[in-house]
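Visitor: Line by line, the protein sequences are chains A and B.
Number 357 in my numbering belongs to position 204 of the first sequence; there are no gaps in the numbering.
Number 306 in my numbering belongs to position 153 of the second sequence; there are no gaps in the numbering.
I should point out that these hints are in silico values taken from the structure, not numbers from a laboratory.
Each hint should be verified, as a subset may be incorrect.
Given that identical chains are not distinguished, each listed pair holds provided it fits within a single copy or across any two copies.
Calculated lysine to any residue pairs in the SDA-like style (CA-CA distance at most 25 Å, straight line) [to be verified]:
1. Lys248 / His156
2. Lys192 / Gly349
3. Lys192 / His325
4. Lys192 / Thr358
5. Lys192 / Arg368
6. Lys248 / Ala297
7. Lys248 / Ala347
8. Lys202 / Ser176
2 protein chains.
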Amino acid sequence: MSHGKLRVESFSLSIDGFGAGPSQSLENPLGLGGMELHKWFFPTNTFQKMVFGKEGGTGIDDDIAAKGFENIGAHVMGRNMFGPVRGAWPDDSWKGWWGDNPPYHTPVFVLTHHAREPLEMEGGTTFYFVTGGIHEALERARDAAGTRDIRLSGGVSAIRQYLEAGLVDEMHLAISPTLLGSGENLFHGIDLSALGYRCTEHVPTQAATHVVIGRA
Amino acid sequence: MSHGKLRVESFSLSIDGFGAGPSQSLENPLGLGGMELHKWFFPTNTFQKMVFGKEGGTGIDDDIAAKGFENIGAHVMGRNMFGPVRGAWPDDSWKGWWGDNPPYHTPVFVLTHHAREPLEMEGGTTFYFVTGGIHEALERARDAAGTRDIRLSGGVSAIRQYLEAGLVDEMHLAISPTLLGSGENLFHGIDLSALGYRCTEHVPTQAATHVVIGRA
């Protein structure tokens, strides 16, 4: 059985290449200034529907955001994207940022060094905690997704690891007109050209510059 | 007398933050892949007129390119932008990339560790070789420019030095839809937010995403 793609979708970056600001915390999960990165996304119908159950804006930004949710059979994310807890899990009380019904609706494989029982949420999302590294997480996500694609949700560190291993098939970045100055840099020390990637699509809007990085 | 601004104009960057590709040489002055960065600029009327004396394309990209030449009384550039010669000048035969009539038409202050006599070209361009560092070069450029602005032409290393010293007043970047993977990175290790800069303008086109970084 041929498997689906590993896709990064709607991943927002600053002009200077940061996917999150410095000093991430419970109060500032995206780091200082990190909310600015996602300004293009918040007004979209895709975001408004998902989070508030309301109509939002349509147009190119929304089309692109919506496409990121199509044909996804599983998600992979880094542990720091799942939550602010570091080190061993003190208990099972942290259940992600997203409430009882997270916006994934598929199995989600969370990269961590610390084992934890699977966590079943409402709406079809189950978090599985994978301690065997990025290859194991991808393999389990592929088993779960079947012929559908896998969305690599982030954060920066998880995406960098999959890029360096040459495992990302497509990466949509939304470059926002803001500077962060410091934080987690997506590109630093990764030679995407040498890894065989190039820019395959370019769709600028007033809110963000959308680019797709792929192997085509 | 109040002096003009120090401006970076039409400086092209890859998505991954490189202002020039790797392996710069006489044959590849912009480094491998570096020509891709400037694809937005070549078709413009500004470039076509300047280089070929022909009409070129008009529109936003051209308007922005043209603006970069307005009210400029002097230029500052790094030595590697002036030419491929490294170390001591073997003789005075290298006169820049631009032929007898370079597109500067003002005094140009070239940062170098190696003294050399001023070089007067046609059309009002004179290259002065400054061995006293970035502050001396800027001071001399200000004396030459009077109330007009100074254009900091590049390359990456010269711009980084002026940014780190907080001396750049405005920086227009054109982010091109291409990856370079390696080369000279404009942002790496510079915290522009901490230096007081932010994104003050954002004008996307099909060819490039134009942003202005300033202190406003």
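Visitor: If a hint holds in the structure, say so; if it doesn't, say that too.
Guide: Against the structure, the hints come out as follows:
Taking the closest pair of Cα atoms, Lys248 and His156 never come within 25 Å of each other, the shortest separation being 29 Å inside a single copy and 58 Å across copies. With identical chains, the CA atoms of Lys192 and Gly349 are at most 25 Å apart between copies only, with a shortest distance of 21 Å across copies and 31 Å within one. Taking CA atoms no more than 25 Å apart as the test, Lys192 paired with His325 passes in both settings, with 16 Å inside one copy and 22 Å between copies. In this assembly of identical chains, the alpha carbons of Lys192 and Thr358 lie at most 25 Å apart whether taken from the same copy (12 Å) or from different copies (19 Å).
In this homomeric assembly, Lys192 and Arg368 come within 25 Å of each other (Cα to Cα) only across copies, at 21 Å, whereas the closest approach inside a single copy is 28 Å. In this homomeric assembly, Lys248 and Ala297 come within 25 Å of each other (Cα to Cα) only inside a single copy, at 21 Å, whereas the closest approach across copies is 64 Å. Neither within a single protomer nor between protomers do Lys248 and Ala347 lie at most 25 Å apart by alpha-carbon distance, with minima of 39 Å and 34 Å respectively. In the homo-oligomer, the alpha carbons of Lys202 and Ser176 never lie at most 25 Å apart, since the shortest distance is 30 Å inside one protomer and 49 Å across protomers.
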